[in-house]
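Protein chains in written order, with this note's numbering: chain Z, 5 to 384; chain E, 5 to 384.
Among the clues, some could well be false.
No distinction is drawn between identical chains; accordingly, a pair holds when it is met within one copy or between any pair of copies.
Subject to a maximum C-alpha distance of 30 Å in a straight line, what follows is the list of computed DSSO-like cross-link-like pairs (lysine-lysine) [to be verified]:
| # | residue 1 | residue 2 |
| --- | --- | --- |
| 1 | Lys-45 | Lys-381 |
| 2 | Lys-55 | Lys-355 |
| 3 | Lys-261 | Lys-159 |
| 4 | Lys-55 | Lys-348 |
| 5 | Lys-327 | Lys-261 |
No lab work stands behind these hints: they were computed from the structure.
None of these values were measured; they are calculated from a predicted model.
Protein chains: 2
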Amino acid sequence: MAKDFYGELQLGILGGGQLGRMLIQEAINYNVNVHILDPDKNAPCRKLCNKFECGSLSDFETVYNFGKDLDLITIEIEKVNVDALEKLEEEGVIVYPQSRIIRLIQDKGLQKQFFKQNDIPTSAFQLISTKDNLTNASLSLPYIQKLRRDGYDGKGVKKIVTEADIQDAFEEPSLIEEWVDFEKEIAVIVARNDRGDVSTFPMVEMEFNPQANLVEFLIAPSLYGVEIQQRAEAIAKKIADDLQIVGLLAVEMFLTKNGDILVNEIAPRPHNSGHQTIEGNYVSQFAQHLRAIFNLPLGDTRCRTTAVMINLLGEDGYEGLAKYDGVEEVLAMEGVYLHLYGKKYTKPFRKMGHICIINDDRDKAISNARKVQEILKVKA
Amino acid sequence: MAKDFYGELQLGILGGGQLGRMLIQEAINYNVNVHILDPDKNAPCRKLCNKFECGSLSDFETVYNFGKDLDLITIEIEKVNVDALEKLEEEGVIVYPQSRIIRLIQDKGLQKQFFKQNDIPTSAFQLISTKDNLTNASLSLPYIQKLRRDGYDGKGVKKIVTEADIQDAFEEPSLIEEWVDFEKEIAVIVARNDRGDVSTFPMVEMEFNPQANLVEFLIAPSLYGVEIQQRAEAIAKKIADDLQIVGLLAVEMFLTKNGDILVNEIAPRPHNSGHQTIEGNYVSQFAQHLRAIFNLPLGDTRCRTTAVMINLLGEDGYEGLAKYDGVEEVLAMEGVYLHLYGKKYTKPFRKMGHICIINDDRDKAISNARKVQEILKVKA
Numbered sequence: 005m006a007k008d009f010y011g012e013l014q015l016g017i018l019g020g021g022q023l024g025r026m027l028i029q030e031a032i033n034y035n036v037n038v039h040i041l042d043p044d045k046n047a048p049c050r051k052l053c054n055k056f057e058c059g060s061l062s063d064f065e066t067v068y069n070f071g072k073d074l075d076l077i078t079i080e081i082e083k084v085n086v087d088a089l090e091k092l093e094e095e096g097v098i099v100y101p102q103s104r105i106i107r108l109i110q111d112k113g114l115q116k117q118f119f120k121q122n123d124i125p126t127s128a129f130q131l132i133s134t135k136d137n138l139t140n141a142s143l144s145l146p147y148i149q150k151l152r153r154d155g156y157d158g159k160g161v162k163k164i165v166t167e168a169d170i171q172d173a174f175e176e177p178s179l180i181e182e183w184v185d186f187e188k189e190i191a192v193i194v195a196r197n198d199r200g201d202v203s204t205f206p207m208v209e210m211e212f213n214p215q216a217n218l219v220e221f222l223i224a225p226s227l228y229g230v231e232i233q234q235r236a237e238a239i240a241k242k243i244a245d246d247l248q249i250v251g252l253l254a255v256e257m258f259l260t261k262n263g264d265i266l267v268n269e270i271a272p273r274p275h276n277s278g279h280q281t282i283e284g285n286y287v288s289q290f291a292q293h294l295r296a297i298f299n300l301p302l303g304d305t306r307c308r309t310t311a312v313m314i315n316l317l318g319e320d321g322y323e324g325l326a327k328y329d330g331v332e333e334v335l336a337m338e339g340v341y342l343h344l345y346g347k348k349y350t351k352p353f354r355k356m357g358h359i360c361i362i363n364d365d366r367d368k369a370i371s372n373a374r375k376v377q378e379i380l381k382v383k384a
Numbered sequence: 005m006a007k008d009f010y011g012e013l014q015l016g017i018l019g020g021g022q023l024g025r026m027l028i029q030e031a032i033n034y035n036v037n038v039h040i041l042d043p044d045k046n047a048p049c050r051k052l053c054n055k056f057e058c059g060s061l062s063d064f065e066t067v068y069n070f071g072k073d074l075d076l077i078t079i080e081i082e083k084v085n086v087d088a089l090e091k092l093e094e095e096g097v098i099v100y101p102q103s104r105i106i107r108l109i110q111d112k113g114l115q116k117q118f119f120k121q122n123d124i125p126t127s128a129f130q131l132i133s134t135k136d137n138l139t140n141a142s143l144s145l146p147y148i149q150k151l152r153r154d155g156y157d158g159k160g161v162k163k164i165v166t167e168a169d170i171q172d173a174f175e176e177p178s179l180i181e182e183w184v185d186f187e188k189e190i191a192v193i194v195a196r197n198d199r200g201d202v203s204t205f206p207m208v209e210m211e212f213n214p215q216a217n218l219v220e221f222l223i224a225p226s227l228y229g230v231e232i233q234q235r236a237e238a239i240a241k242k243i244a245d246d247l248q249i250v251g252l253l254a255v256e257m258f259l260t261k262n263g264d265i266l267v268n269e270i271a272p273r274p275h276n277s278g279h280q281t282i283e284g285n286y287v288s289q290f291a292q293h294l295r296a297i298f299n300l301p302l303g304d305t306r307c308r309t310t311a312v313m314i315n316l317l318g319e320d321g322y323e324g325l326a327k328y329d330g331v332e333e334v335l336a337m338e339g340v341y342l343h344l345y346g347k348k349y350t351k352p353f354r355k356m357g358h359i360c361i362i363n364d365d366r367d368k369a370i371s372n373a374r375k376v377q378e379i380l381k382v383k384a
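Excised from the complex, chain Z in its bound form (with noise of 0.2 Å):
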């Protein structure tokens, strides 16, 4: 990188949501002069960055101003336009990750032939263009729908079941996948610089809030055995060098009850599966992504201790001025670290926050954490 990234360099952001948050809170450890761009006026970095361009992520030229006298173009969210990207890369503003990295993961029927085109473990699938393709589908029921693109927090995503479903199913060019009868879903964050040094953050578990897709509770370290996480953090690492990648890559995965790991997704930047980092291991993925773009020597991935994240969700039912219920309790317990995302207006199942929850005995941790998730409610 021409410039020193304490220096001169300017950086931006698409998306200025909580990962953006929590970025710029670890940014302002090495300086970095950010600028962000979000559509939403009331953005959660919005007071928070050397400039704020209220505009839309989607626009060609929204996002080719935006980007044309910065240094370094990173995202918090995948959903950008791409064409903008690339042209600003052809003009030397340096994007991480890479616009063709990002143009193949919008497309989920991209993502899911690149991982069979690299020999990279997934369900079997099969990309259809409109729902009547279901009909006669090479999968058996049951199977899930996700729309290719746009698909955002657990949306856009169909379980279909039964015959009768099919009339429910998205319309949209999408994705079908072999229903995967997993043990438990996990992840691994990979991060990569730009002189080909890729470190893993080690494989965590998580549960999913069934109603919302969202992932609700994490903790990490794993406690599968040796060969289990060598294995995931093998693949992740196998992703992020087939994609020569610079910056984080969440890979989520699934391991079935038979042993295999199957890769689920992939995200490229911080990711709600690494939130825990911050408290529980010695780098954040939030620094170790920093790291990653301005090609510096990646941190230390291991964990500092146990790590349990609870996502903050709005509760059912309430839409308006968010108002947190428990928190001063929840404040009093050890090893409660509280992150709120900056949003004024709770509604339902929106990201509000989290809690991560440290403890050297992994038990007290998972204990403590399922005390939160009981105590703490975001209303209105």
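Based on the hints, put chain E in the right spot on chain Z.
Just chain E, lined up with the frame of chain Z:
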């Protein structure tokens, strides 16, 4: 507090330097609306707050107008207009630490008298109005002369060793203190909230840069015996209780060669002797200050590991656009955390940032810190 800290509450911070900056990094987790007043239009906090106002901290009107629509005001520097804070308090704005405490601590003479009146162990002293008083001082040479007001970061302090030194002594009202032949400079940070909960961080040991008279090297926890640590912590708690302070109080002390502990100075705010708590302790001093002033339960102050803090001072002989020589090399080391303060220009001994080095092996933490000191230089 009538308003929720995460909601409509408006927090003002007098001073927008590195302490304010690290306080904001933590306040982001709590959704706090932060307003900053600082005389420097390029202050480290300027781009990280809801509202930045450039103005004098010493001017009554400026401080009063800054504060009159806020709910809560805190400080990151003592040199502020206390009359304005008093008026704001009368009008219902909460000021933590309370204005009467800031007034007391602004004057090193009053501070010393407070120690004496409250049986807090401190060195013998005398207050003088002009330099002439030194010719028949009650203390014998050598002694330390400190300006009663406005000393900061090692400025406003002189050692008077011989009669001849009196010629170069400060003219202004000052304090002379018996020279303490100490074994170690130690510090304890204590926090107190409005419900009267009091909690200390473990005692730390410090080494000063003799040229700049600034903390250069700090290690936590201390290896001195439990009796000494408990005595130091009890002194800090007593001062917090005597003052009935709300917020943090840093208590700097001398441990003398015969095992006495003498209080040197106190500061009612986050302090350089607590920076290592960010990575080294369960709760950081910045989080603890927020918990105290929001009247929340105080956090867990225990050390997670051994932590060494080094101030990153501008190298002597360099002035201009800061350049951090060796930064990449130190980031490749295990357990090294960089905190830059967002200052564009360096000058000799300017506090440009700090580094925290953690390691479960204390000797390794120290040797890594010494290595960082050798490698990392702030030049221009």
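Consistency of the hints with the structure:
no., hint, result
1, Lys-45 / Lys-381, "within (26 Å within a copy, 40 Å between copies)"
2, Lys-55 / Lys-355, "both (25 Å within a copy, 26 Å between copies)"
3, Lys-261 / Lys-159, "within (26 Å within a copy, 68 Å between copies)"
4, Lys-55 / Lys-348, "both (21 Å within a copy, 17 Å between copies)"
5, Lys-327 / Lys-261, "neither (41 Å within a copy, 54 Å between copies)"
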